[in-house]
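Okay, here's what each chain looks like letter by letter:
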Amino acid sequence: NAGVTQTPKFQVLKTGQSMTLQCAQDMNHNSMYWYRQDPGMGLRLIYYSASEGTTDKGEVPNGYNVSRLNKREFSLRLESAAPSQTSVYFCASSEYGTTGNTIYFGEGSWLTVV
Amino acid sequence: RKEVEQDPGPFNVPEGATVAFNCTYSNSASQSFFWYRQDCRKEPKLLMSVYSSGNEDGRFTAQLNRASQYISLLIRDSKLSDSATYLCVVNMITGGFKTIFGAGTRLFVKA
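Residue numbers (this note's numbering), protein chains in the order written: chain A, 2 to 115; chain B, 172 to 282.
There may be inaccurate statements among the hints.
To be verified - With a cut-off of at most 20 Å between alpha-carbon atoms, the simulated PhoX-like pairs for lysine-lysine come out as follows:
1. A/K10 x B/K216
2. B/K250 x A/K58
3. B/K269 x B/K173
4. B/K250 x B/K213
5. B/K269 x B/K216
6. B/K281 x B/K250
7. B/K213 x A/K10
8. B/K250 x B/K216
9. A/K72 x A/K58
The hints are simulated quantities; they were obtained by calculation from the structure and are not laboratory data.
Okay, chain A solo, but in the shape it has when bound (with noise of 0.2 Å):
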């Protein structure tokens, strides 16, 4: 039972360089998001999808692209990564429910910028 799964898990960059994080998810959700969490902090919004199709900027937008490449698939880019992007990334998706909307995170990466 997979959930969401996103890669790399842990990724050392130099300064300038760009990556791209993957992450996809097989619980035919609607909703995916990219957060990120700096050490003793709480979770922050970078980007996110509610459909297939659409991204909208959260929080912390800056310095980040998102591509929703399908229902399954988000990706997280950083075209020129600086030491203030060091951090830990998690990718979720969601279903609003009966419940509410409840959100199921991926495992994390961990990037270092040096």
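Dock chain B against chain A, hints included.
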């Protein structure tokens, strides 16, 4: 004022203790509420939804007070394995649908 606020803790309790976490939210149009648990270096995972009438799952009890705009989580008979960060989550309608996570309250249960 933050949309969702939690006591940052940490809470340090002995095994067997009862511990309560509180969370307040600012938007009265908030619709649904959850508690998530996050272990160190892991992803957040749904612990339980919070219903208006209150709900219980084993040693865990969640309560919602809409009038005062807060939710609570009570853990009875704490275990070492309960050590984690507990996140309050609120779904609200505010210029669109939003899910807001609290910053979390850290719990350490000690032998």
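Next on the checklist: What's the verdict on B/K269 and B/K216, does the C-alpha distance respect the 20 Å limit or exceed it?
Outcome noted: 18 Å, holds
Checklist entry - Holds or violated: are the alpha carbons of B/K250 and B/K213 at most 20 Å from each other? => result 19 Å, holds
Next on the checklist: Given the hinted pair A/K10 and B/K216, is their Cα-Cα distance within 20 Å?
Outcome noted: Since the Cα atoms of A/K10 and B/K216 sit roughly 18 Å apart, the hinted pair holds (cutoff 20 Å).
Next on the checklist: Would the hint linking B/K281 and B/K250 be met if the CA-CA limit is 20 Å?
Outcome noted: 8 Å, holds
Checklist entry - Hey, B/K213 versus A/K10, does the alpha-carbon distance stay inside 20 Å? => result It holds: about 12 Å lies between the C-alpha atoms, which stays within 20 Å.
Checklist entry - Does B/K250 pair with B/K216 here, judged by a C-alpha cut-off of 20 Å? => result Holds - the C-alpha atoms of B/K216 and B/K250 are around 18 Å apart, at most 20 Å.
Checklist entry - Taken at face value, is the distance from the CA of A/K58 to the CA of B/K250 at most 20 Å? => result 40 Å, violated
Checklist entry - Taking only the CA atoms, is the gap from B/K269 to B/K173 under or equal to 20 Å? => result 14 Å, holds
Checklist entry - Taking only the CA atoms, is the gap from A/K72 to A/K58 under or equal to 20 Å? => result Given that 20 Å is the threshold and the Cα spacing comes to 18 Å, the pair holds.
Hint 2 alone, counting from the list given before, is not met by this structure.
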